[in-house]
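Starting from the known structure of chain U, arrange chain S on it as the hints suggest.
Chains U and S are the protein sequences, given in the same order. Sequential numbering from 686 applies to the first sequence in the numbering used here. Sequential numbering from 686 applies to the second sequence in the numbering used here.
Treat the hints as calculated values from the structure; they're not laboratory data. Predicted, not measured: the structure shown is a model, and the values here were computed from it.
Chain S is faced by these chain U residues, among others (derived, beta-carbon under 7 Å):
| id | residue |
| --- | --- |
| 1 | Asp721 |
| 2 | Pro728 |
| 3 | Gln733 |
| 4 | Cys826 |
Heads up, the beta-carbon is just placed ideally off N, CA and C, and yes, glycines get one too.
Listed below are the residues making up each chain.
Number of protein chains: 2
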Amino acid sequence: MRRTPKTGIEATLIRRILHALGASGKLRDIEVGPGDDSAVISPRPDAQWVVTCDSFFEQTHFLPRFHPPDVVGFKALARAVSDLAAMGATPRFFLVALALPPSRTGKWLDEMLAGMARAARRLGIQLVGGDTSAQPSASLCLTVIGEVWRGMAVARSGARPGDHLFVSGMLGEARLGLELVQRGMARRPSLRSFLRRHYYPQPRIELGRWLARHRLVTAMIDLSDGLSTDLHNLCRASGVGALIRSEQVPRANLPVVRGIEMNALQLALHGGDDYELLFAVPARHVPRIPARFEAIRLTDIGEVTRDRAILQQDARGRRKILHAQGWDPFRSK
Amino acid sequence: MRRTPKTGIEATLIRRILHALGASGKLRDIEVGPGDDSAVISPRPDAQWVVTCDSFFEQTHFLPRFHPPDVVGFKALARAVSDLAAMGATPRFFLVALALPPSRTGKWLDEMLAGMARAARRLGIQLVGGDTSAQPSASLCLTVIGEVWRGMAVARSGARPGDHLFVSGMLGEARLGLELVQRGMARRPSLRSFLRRHYYPQPRIELGRWLARHRLVTAMIDLSDGLSTDLHNLCRASGVGALIRSEQVPRANLPVVRGIEMNALQLALHGGDDYELLFAVPARHVPRIPARFEAIRLTDIGEVTRDRAILQQDARGRRKILHAQGWDPFRSK
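Isolated chain U (complex conformation):
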């Protein structure tokens, strides 16, 4: 039972985290901030809270050989916030449970926190709490809290037959970035622009909020596991099927890279990590969906069907089943 006097390493670490993430400064709507047993936050009148959590593990979600620490911090927070965007919510607060090997408590941690702080500023979200643990391998568990006007949140489950299916942005670029990174091509200047989407995803908060506030959508989901898998998730929750016109799916202009054969449509359908939005729009509201929202392209890619099959149709009208071939953490590779 004898122990050496406590050096307070954890306490020092927590102070560094609070400082890096700006939680030692002025806080909005936070009565008790991070560092206490719990945080106390004040809801706005007439708001509902929207909460979700997302884990980010070394080797599974990031590869220390390939992903700089600031990418780890930025991306871990951004992908959690994307789940708020998919509800039409405004991000407000987050908690981070950090597990770190002792070797990652120095420069790596500082850079990771700098990336997370940059994401937090851009996403307008404030740290309210967290937890630290020494572990052999690094991981982050992010809990994010947003708010939405009462009754305005958009679930996955409201899509109805006849609704049009839209996606935002270009699909497949993030997955292309991962392929380039894994092949050691991250530093080639001509390819660098393809990495941005993989490194620093931009959750579609403004778009999600706009769609929810104007009640233009019946169901919405963010594309984290890949269009095919997330479309299956939306359809299952809504009890419907879908017909996707594959030639309409907005896809990356692939760079020509010697020795790599890639199919832009396959990347767009199954690639994952896009953090774009997939949403269902009743036919009467389709004219109100602009071709672009700010700079983000919005594309009508198909429709919701009564029949529960999920089909893709090519330019010649041939149909086949669109299998969910995106990311499943429990499927053996």
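For chain S alone, kept in the frame of chain U given last:
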């Protein structure tokens, strides 16, 4: 880029989790439940939200050789909820991010979830969301959300010189339980009662709420890392010191176990995992603190001092520094 068709292992796992934790039934104040991108929950008017998160890792926080899976599930949730009790909050909602090796997705998972469901029922808290990940080693990250009447939350930071320091319950029993478990004595019938506190901690929700509602306390913290460490945390947050009368510290009646020498006071001061409450009471309110709250003993163990030193005084009046010798995850053992 070719992949095998998705088998939906994750989807099946999520359905099992929702079913086991009762989240497929009737939900209170939850507009969109777990299984969507995020949950949507409704705050009560005039309430503030209290949020915290807590990780629970294999090898660090539980030992699969010694801790049955239902203990893992019960304890992971109970210890997170203890941080709400320490604010005087009422637990409402929780999220669980689960990382599991494939070998733990069968019976182990079912038993773990049964333990967690039992804790959830006892603590009156409902599942609203989560995340699953396949990892080589099991871990759980629990985020818990509670509520408190506006302005009633008790932080660590309000203790003032002259306040009396109280603790609830008996300290050191949980640590004693761990010592017995690690020595393979968990199955001895005569020792089993000592394991209960280690296996199934009981966060002091009712007590915390009662103290907060009657504004009897200036600062409060739950004893998770051990009295010495948590007292340091409370004093640092409040900018004060403390004098503890060590003969007053309520401690376990140790069993006589051949070959094990234990010191009840050391267990009580530094043991950790008690999940009792340490709270500061202004002198004028001390008469209002009962000797017992329900069946839980409340003991005056010392006082808050202006001088920032943290001292212990023995029965003969001799004083020495009380070092923080409880749990620090980043200290090498």
